[in-house]
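Undergrad: If you want the building blocks of each chain, they are given just below.
8 protein chains.
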Amino acid sequence: MNSDQLKALLEGVKNGTVDIDHAFKEIKALPYEDLGFAKIDHHRSIRVGYPEVVYCEGKTSSQIVEIIKRLMEKNNNILATRASKEDFAEVSKVIPDAEYHEIARIIVVRRKEIIVTEKQIAVITAGTSDIPVAEEAAITAEVLGNRVNRIYDVGVAGIHRLLSKMDTISQANVIIVVAGMEGALASVVGGLVDKPVIAVPTSVGYGANFGGLSALLTMLNSCASGIGVVNIDNGFGAGYLASNINKL
Amino acid sequence: MNSDQLKALLEGVKNGTVDIDHAFKEIKALPYEDLGFAKIDHHRSIRVGYPEVVYCEGKTSSQIVEIIKRLMEKNNNILATRASKEDFAEVSKVIPDAEYHEIARIIVVRRKEIIVTEKQIAVITAGTSDIPVAEEAAITAEVLGNRVNRIYDVGVAGIHRLLSKMDTISQANVIIVVAGMEGALASVVGGLVDKPVIAVPTSVGYGANFGGLSALLTMLNSCASGIGVVNIDNGFGAGYLASNINKL
Amino acid sequence: MNSDQLKALLEGVKNGTVDIDHAFKEIKALPYEDLGFAKIDHHRSIRVGYPEVVYCEGKTSSQIVEIIKRLMEKNNNILATRASKEDFAEVSKVIPDAEYHEIARIIVVRRKEIIVTEKQIAVITAGTSDIPVAEEAAITAEVLGNRVNRIYDVGVAGIHRLLSKMDTISQANVIIVVAGMEGALASVVGGLVDKPVIAVPTSVGYGANFGGLSALLTMLNSCASGIGVVNIDNGFGAGYLASNINKL
Amino acid sequence: MNSDQLKALLEGVKNGTVDIDHAFKEIKALPYEDLGFAKIDHHRSIRVGYPEVVYCEGKTSSQIVEIIKRLMEKNNNILATRASKEDFAEVSKVIPDAEYHEIARIIVVRRKEIIVTEKQIAVITAGTSDIPVAEEAAITAEVLGNRVNRIYDVGVAGIHRLLSKMDTISQANVIIVVAGMEGALASVVGGLVDKPVIAVPTSVGYGANFGGLSALLTMLNSCASGIGVVNIDNGFGAGYLASNINKL
Amino acid sequence: MNSDQLKALLEGVKNGTVDIDHAFKEIKALPYEDLGFAKIDHHRSIRVGYPEVVYCEGKTSSQIVEIIKRLMEKNNNILATRASKEDFAEVSKVIPDAEYHEIARIIVVRRKEIIVTEKQIAVITAGTSDIPVAEEAAITAEVLGNRVNRIYDVGVAGIHRLLSKMDTISQANVIIVVAGMEGALASVVGGLVDKPVIAVPTSVGYGANFGGLSALLTMLNSCASGIGVVNIDNGFGAGYLASNINKL
Amino acid sequence: MNSDQLKALLEGVKNGTVDIDHAFKEIKALPYEDLGFAKIDHHRSIRVGYPEVVYCEGKTSSQIVEIIKRLMEKNNNILATRASKEDFAEVSKVIPDAEYHEIARIIVVRRKEIIVTEKQIAVITAGTSDIPVAEEAAITAEVLGNRVNRIYDVGVAGIHRLLSKMDTISQANVIIVVAGMEGALASVVGGLVDKPVIAVPTSVGYGANFGGLSALLTMLNSCASGIGVVNIDNGFGAGYLASNINKL
Amino acid sequence: MNSDQLKALLEGVKNGTVDIDHAFKEIKALPYEDLGFAKIDHHRSIRVGYPEVVYCEGKTSSQIVEIIKRLMEKNNNILATRASKEDFAEVSKVIPDAEYHEIARIIVVRRKEIIVTEKQIAVITAGTSDIPVAEEAAITAEVLGNRVNRIYDVGVAGIHRLLSKMDTISQANVIIVVAGMEGALASVVGGLVDKPVIAVPTSVGYGANFGGLSALLTMLNSCASGIGVVNIDNGFGAGYLASNINKL
Amino acid sequence: MNSDQLKALLEGVKNGTVDIDHAFKEIKALPYEDLGFAKIDHHRSIRVGYPEVVYCEGKTSSQIVEIIKRLMEKNNNILATRASKEDFAEVSKVIPDAEYHEIARIIVVRRKEIIVTEKQIAVITAGTSDIPVAEEAAITAEVLGNRVNRIYDVGVAGIHRLLSKMDTISQANVIIVVAGMEGALASVVGGLVDKPVIAVPTSVGYGANFGGLSALLTMLNSCASGIGVVNIDNGFGAGYLASNINKL
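Chains as they are written, first to last, in the working numbering: chain A, 1 to 248; chain B, 1001 to 1248; chain C, 2001 to 2248; chain D, 3001 to 3248; chain E, 4001 to 4248; chain F, 5001 to 5248; chain G, 6001 to 6248; chain H, 7001 to 7248.
Extracted from the complex, chain A is given alone in its bound form:
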C-alpha cells in the first residue's frame, strides 16, 4: 500500500464507503505485507522479469521440483543454483524447456524476456579449476540481465597472460575476479583498473589452503583498494552483487 492508497482508504472511511473494520484490518497488516521497501514484493511488482532464486544444495530432487513448480505459478523466470545433473533430470520431466548449465550447476527456466544491459561485467579466473565458480557468477549475472565477458585462466604466475587482456577488462563496468590457491589475482587486477572489483575466493588448492581460507584472507587484505569480497565459492553472490552495481 503506497501513500496514495492509504489516503484513499482514509477518505473512504471518512465518506463512509469503507467500513471501520475493513480499514482496521488493512492497516494492521501494513507493516508486514506492504512495507514498500520489502525486497520480494518489490521484485514481483516493479521489476518484471527478475527471476525467483532456488538454492538446491541440501535439498532432494523432488523437493526442488516441488519448489520450482510452486514458483512457476507466478509465471516468472527461475534460477536454481547448485543443482546436480540428477536434479535437472527430474526438473526437465515437468518443465521440458528448462535449461541446464552443467559447469555452473545452474538450472534456468525462462518465462519472461530478459532485457540485457549495454554495460558489461567481466568475469576473470586465475586458473581453469576456478571456472565452475566463475560460471555460476556469469550465468547468474546473465539471467539477471547483464552482458558478461569471460576471461579465464589469466592467473598471476604468468602475468603477461593477464596484461594481454587488460584492454578488454578495462572496458567492463564491474569486474568479478575468481581465484583459488593464493588468490593474488584480485590484488593485481584491483591495481590496474578504477572499476569496482568483486573478489570470489575459491576452495581450489590443497595443503595450507584450508578450503579457500588462504584466498579469502588474501582478498580481504588486498593492498589494492576498491575490492569487495564475497564468501568462498559464492559465485551466485558475486553475480548478484555485480548485477546490482551494473544496473545502477
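Everything labelled a hint here was simulated from the structure, so no lab data went into it.
Incorrect hints may have been included.
Some chain B residues judged to face chain D by a derived CB distance under 10 Å, without partners named [said to hold, decoys possible]: (1) Q1063; (2) T1128; (3) G1205; (4) Y1206; (5) A1208; (6) F1210.
Quick reminder that beta carbons are idealized off the backbone N, C-alpha and C, glycines included.
For chain A, the structure is supplied; the task is to place chains B, C, D, E, F, G and H on it using the hints.
TA: For chains B, C, D, E, F, G and H alone, kept in the frame of chain A given last:
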C-alpha cells in the same frame, strides 16, 4: 603513449625527424611508463582532482610530513588516513590549511575543487562505537567527490530504529554498513534494499569476537545476497569501493 | 536417605533393632547412591514420566536396541536422538509402538503419560534447512512435556516475515532460535522480546561458514542481551534447556 | 498505539473529529514508533523500575557522564557496566549518590525502588580470579530485581568443596556458573541439578587457554544437558538472561 | 659396544691380535650402531620381552603382513595398532596364533612371556564412546607388561558414578583418563588423586568439538595439577607413557 | 574417617557411649570433610612437609601477602609461583626468611624440612630463553622434595650438544623437556630414552609461533612415544607431575 | 623481440623496407608476447628439454588426455603430477611409451633427452608414510634433470638412523626434508648441514595434527636457520625449487 | 677427527706411541666433539670469516654485551639481530667500532675480512613498511658475504612498478620477496623468474591479516612454483638461506 602518438613516432622515424636511438628509448619504456591502463598515471592525467592517498599507520609524523610535502608538488588533493593528532600537529605546521577529521583520523589537504555527485552513498552503523570506522568511510567517499548520508546507531537489537530510517536508506545509490559485535546489521539491510551493500566488520566487541572475526564471518555468510565485504575496520576501503560504484 | 531416615537408622542401632553391619553398609553407600541431589535418581523417584535419553550417533542399531530394551525395564518413556531410519527399523521390531520423527531423527517410546505445560516454547528457524535441528529441539521439548509452537523460515534477509510473526512469538515463555549461515536471527529476535532466548547455531551454509562456526560466533557476540547459546546443531540441548526454564 | 487506539482514531476520521492528514501521519509512523513488541518502549511504559544500561568500555569518562545525565532525565535507575574507578569519580561529581561496585566494575544509580523476587539466582565460580565476572553477573541480576546467592571458589580440582555446597545451590531457581581455565565446573554442576544453568567462560588462564576459548569450548561441548552459554567474560549477559528466566 | 669392549679392542690392536682395518671399521660404526643410549638396541639387548610396534593406519594389509613377518625373525612379541579386521584376516593367515582385540583395533603376537607388574594402571572413560581409545591404551599397557584396571562410563555429568569408584581408582599407580566432548573428567580425577594422571582427549562429540580440540584444550588448561596430555585419540601413546611410569 | 573409625562410632552408638546427635553430625559431614581420597586433607594429615601452593598472577601484592599469612598458620612450607619482584618485596616484609628465585619467579617459605628423593628429575631446555619456564619446573620439583639435574641450551639445531649430555640425562628417572619455537627437542629426547618425558612448550618464538602453539602441536604430535604434554609455559605443572611420578 | 631486433625494425621503418602499420602491430604486441623475462617463452626458446607440467587433481582422465595431447604438439617432455592409475590407463592408450610412477602419482612422457646435473639433491623422509610426497619431489627433480639421492625413514625418534646417513646427506647440494607428524626432522637436519634445506610438511598424522598444520608450523618456526618451507604435501613444489637451486 | 687421524691414532696404539687410556678417551669423545658434520665446528675451522650470530630479542642489553664479549674471544665477526638502539648504545661502550643498522635492527662487529660473492641476491619489498624486515635479510646476506641488490616498494597494486624493475631482478641469482598484507608479490615474481625465490611474509597489515598469517598462507599456496617460505618477519632466516643458496 597512445596509439596515435606511437604512429606519429614511427612516422617521424620514417621521415627522418626522429632519430632511431630516441625512438628506441621511448618504445623500450612503453610497457611501464605509459601502459594506459595503469592506475596512478590515469589519475594524474585524466581525473584531475582525485586525491593522493597516504596510509599513516606505522609511519612517524616526520615521515608523513615528508611524504605529503613531496606529493604536494603535484598540487593535488591529499587524503591521509589513520593519522593521529600528533601527526596532524606536524602536518599543519607546514600546511596551515590542512583539515583534520579527528574521529575518522583523516587529514585532508584541498588544492583542487572536488566535484560532488548527485547520487548519494549511505553510511550506516550498528552502534556508536562503530562510528570512527564509519567516519573513515564517509570522509573518504566525500573527498573522492560523493554525497554521503550518515545513519548511525541503528543496530538490530532494536530493529525499529533501523526500520524508521529505511526511507532515507532506500534513496542511496550504494550503502555502506559498518558493524562490530555480531555484525548482523549487514544481513538485515541487505534483505531490505536492492542496491549494492558494502559491509565493513569492525573490531568492536569482546570475548569470542576475536578482534572482528565474528562480524567478518557473519558478513561473509550473510543469507542476504548482494553484499561485498572489506577487511576488518577498513573504512577507507569501503569508502573507496563505494565511490568507484557510485561514479559508474 | 534423608536426615530423618539417617536418624531413624541410628536410633535402630542404639535400640538394637538394626545390627551394626547393616548400618555400616547403608552409611558407606550414602554419598553415592543416595545423595539426594543426584540427577538420575531424582528423575526416577520424583518426576515420574520424565524420559530416559539415548544418544544414538556412533552406536550400531543393535547396540541401540539393546540399550532401549534395558531402559524399558523401568517402564519409563524413552527419547532416542540422532537415530537413523535403520536404527528405527530395528527398534520397531522389538517395540512395535515406537514412534519415529524422521526429520528430527528421534525415536520416542511412550509408557507413562506426558503432562503438558500451559506455557509454550516457540521454536523459530531462519531457513528451511535449519528445520531438522529445530525439530530435534521441538520434539525433545514436547516429550519433556512442553507445548511447542513452530515458526519456520523467518530469516532476517526478509525481515517482514519475522515481524509478521512477532505477535505469536511474544506469547511464548521461552524462545529457541535455530539459524545457520550468519545466524543473525538470534540478535533480531533477542532485541524484540523480553523472554529468555536460546540460540542454536546450525552447520547449514558453506565457504567461510566453517561447519557452523560463523553462526556460533554471531550468537555469542550478539548485541542483544538475554541470549544463551548451545553447541552447533544441538537441538536436543536447546529443547532440554528450554524445558527446564519453561517448567520453573 | 494499541488496537483500541487505532479503532478510536478511525472512528474519529469517520465522524470528522480527526482530519485525514493527522490520521495519515499517525498511521505512517505506526510500524516504527509504536509496534507494541518493541523492547525499549515496553520497558519504559510497563516495567517501571527497570534500569537503563550503559556499556562504558571504549567510552571516555566525560562521555559516560554525558550519557548518564541524559538518561536520568527519565528519572529511571541506571546500570553502567565496565566502568573504571576514574569513570566513577567523574560520575559521582554530578550524581553524589551513585554507588560503585569496584570488583564488578559497575556504577548503579537508584531512582526507582527495585522490587526483589522471592526465587533466587545462584552465582558460582570455579576460582577466586573468576569473581569479577561473577560479580558483574550478580550485581546486574540484583539491580534487575533478583535475589542472588554467591558461592565462590568451588572449582572441580577439589570436588568436595562443590559437593558441600550442593544443598544451597539446589535451592536456586537459576544457576550461573562462572569459570575460566578449562571451565569444567559447568558440566559438573549441570549434572547435579535440574535447573537452567547459564555458563560464563572467563578469560582467566594462560597458555593454550587462548583468552577464554578453552573454557568456552568446554561449556559448549558439555556432556551435561541444560546449559546455555554466553560470551567470554560476559557477566552482564549472564545476569540479564538469568533475570529474564527467574522472572517468568 | 660398551667401555670394556672398546678397551679390549684397543688392547687387541696394541698386542696385534686385532688388525687396524678391523678396529677402524668397528670404531667408525660406533656412534650409530652402538651408542648405548639408543632406544631400539636397548630394547633388544636389555629388556627381553618388549614388543615391536607397528602402526597400521595408512598401510595396506599386505604391507602390514610383510612388516610383521620381518619383525618376527627376531622372535619378539608384536603389537600392531590401528589394525582393521581385514588387516587381521591377512595376518592370521600367516600367523595363526595372532590375537585380535577388535574394539582396540590391536593385533598382538606373543612369542616371549610378558612379565606383569604388581602395580596397576587405571584406565577411566567419561562415556561408552570413548572405550575404543581406552582399550587401545589398556591393551598397549598390558602387552607392555602392566596390570590394568578398567573403569568405564564415569563422566562428570553424573559425578556420583565417579565418586563411587574412587576407592578402586586410588589404588592405581598411574591413571589414564580418556574423555571426549568437553573432557572435564581429567580435571575432576586430577583433583581427587595424588598419582600421575595421563589425559587422552578423544574426537567423540560434535559441533564446536572440532574433532577433539575442545577436550584437548580442556585437559591442557586443567585447574588440577599433575596431568600430562597426549594427542587426540592417542590411546597407544597414553598406554606407552603409563607403562614407562609404572615400571620405574 | 576410615572403616574402623565408622564401625567404632556405630559401636559407640549401640552401647550408648556416643549419643545420636553427635553421630549424626559426624556422618553427615562424611562425604565432604573426610572422604579419604580428598587431596588437600590428605596432604595435611599424611604427607607432612608438602607445600601449600599460591598462584600469584592476577593478584595484588597485598592479596598475596594476605593469603601467605593465612596459609602460614598451618606452619607449612609455601610455594608461590608467578611472583614478581614487587610481590616478594612485600612478602619479605612480613616473612623475612622468605626466599625468592627470580628467574623462576617463585617465592619459597620453608617451615618443615623437605626430604629429598634419591632418584632425580632432569630438566632440559632447547634454548636460553626457555630457562625461566625450566626454572619454574625445577624449583617446584625441588620444593616438592626431588633431586633435580639441569641441562640447559641443548636444542636440536646443534644435535651434538644434546648427544654429549645423554649420559647424564639417561640417569634421570623422569625428564622434563622445555622448548619453544618448534619444540622438536621433545621428540629427539623421547626417541633416546625409555623414561617418562614431560614436555613443556614455551611461548618463546615469533611469527607463526602463535604464542607457543607451534611448540605445543609439535609435542602433541611427536613421533616418539611416551611423552606427556602440559600447557604452554606451565613449568609448575611439569614440576608437579614429574614429582608425582618420581615419588611413586 | 630483443633489443637488436627492435633496432632492426626501426631501421626498416627508416629506410622504408618495413611499413608503419606492420611496425605498429609488432610494437603494440611487445609487452605481452615478447617481454623477454616471461617464463614460459623462456622455457621454450632457451632451455630445450624442460618439461611441460600438468596438475591432474580435479581434472577428469579425458581432460588430462586432451591437455597432454595438445602439449605434445610442441614435442616436449611432459610431467603430469597427482595422476591416478585410471588417469594413466587413459593416457597410455594414446601415448604407449608414457611412464607411470605409482607411488609418486606422476606420469612422465619423454621426447627430449634430459641432461642430468653432476651435483645431487638429497630427499629425506621421517617415516615410510611420507614416501609418496618424497617421491613426487624426487621424480620431479629427476625429470627436471637433477641427480637425486633418496634417504627414507630416518625420523628423529631414532636419531642414530639419521646420524648414520649424515655422510651421504652432506654430499648433496640441496636437501629436501619430507616429514609429517611433528616435522622435527627439518630442524635436526638444518642444524647438521650448511646447504639449503627445503622442508615439506606432510599431512601424515592424526589428532591435533590438523592435516599437516602441526608439521608446517614446526618447520616455519625451526630453530635452525637456512630452511625454506613449501605447502603441505607439495612434493612437486619442493622438487621444482630444489632443481632451480641445484642448477644455479 | 677425520678418517686419517683415526687411523693414525690406531697406528700409534699399535706401535706403542699412544697409550690405550689416551686413545680410549679420544674415541669416546668422537661422536660429540668431533663428528665432522657438526655445523658450528665446521664454521670455525673451515669457513674463516663466517660470523657468530646473536638473537637479541628477549635479552637485556647487559646480557647481549656479555654474550658478544665472550664470542669476541674467538676474534670472529658478529651479527646481532633484533637489537634495539639501547642495546647498541651498551655494546658500543665496550666495542667502539661496532656498527648499527637501525632500520634492520642489526649490530655488526667486523674482525675478519668478508669476501663478497660475484653473484647477487635481490631483496624486493611490496611496500615501504616491509623495509625493516627486508633490511634484516639484506644486511644478514651482506655480512655473510653476498652482494645484495635492493628493489623496494614494487607491490602488485601497481604492477608496472614491478615490471619496470624486472631486468634488474632477473640478473640476481636468488630473490628474496618481502611482503605483508596479502603477500601477492611472491606469486607474481615467482611467475616471472626461473631463479629460487625465498618469500618472507611480514606482519604489516591490519584486520583479518592476523599478524602476518594472511601473507604466510598466500605465499605457501602460491600458484607459482619454486618458492620457499620462511617464518613471518624472519628476515634473518631469509638472508641466511639465500646466502646458503648463493654460495653453492
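Undergrad: Please flag the earlier hints that this structure goes against, numbers listed from lowest up.
TA: Of the numbered hints, just 1 does not hold.
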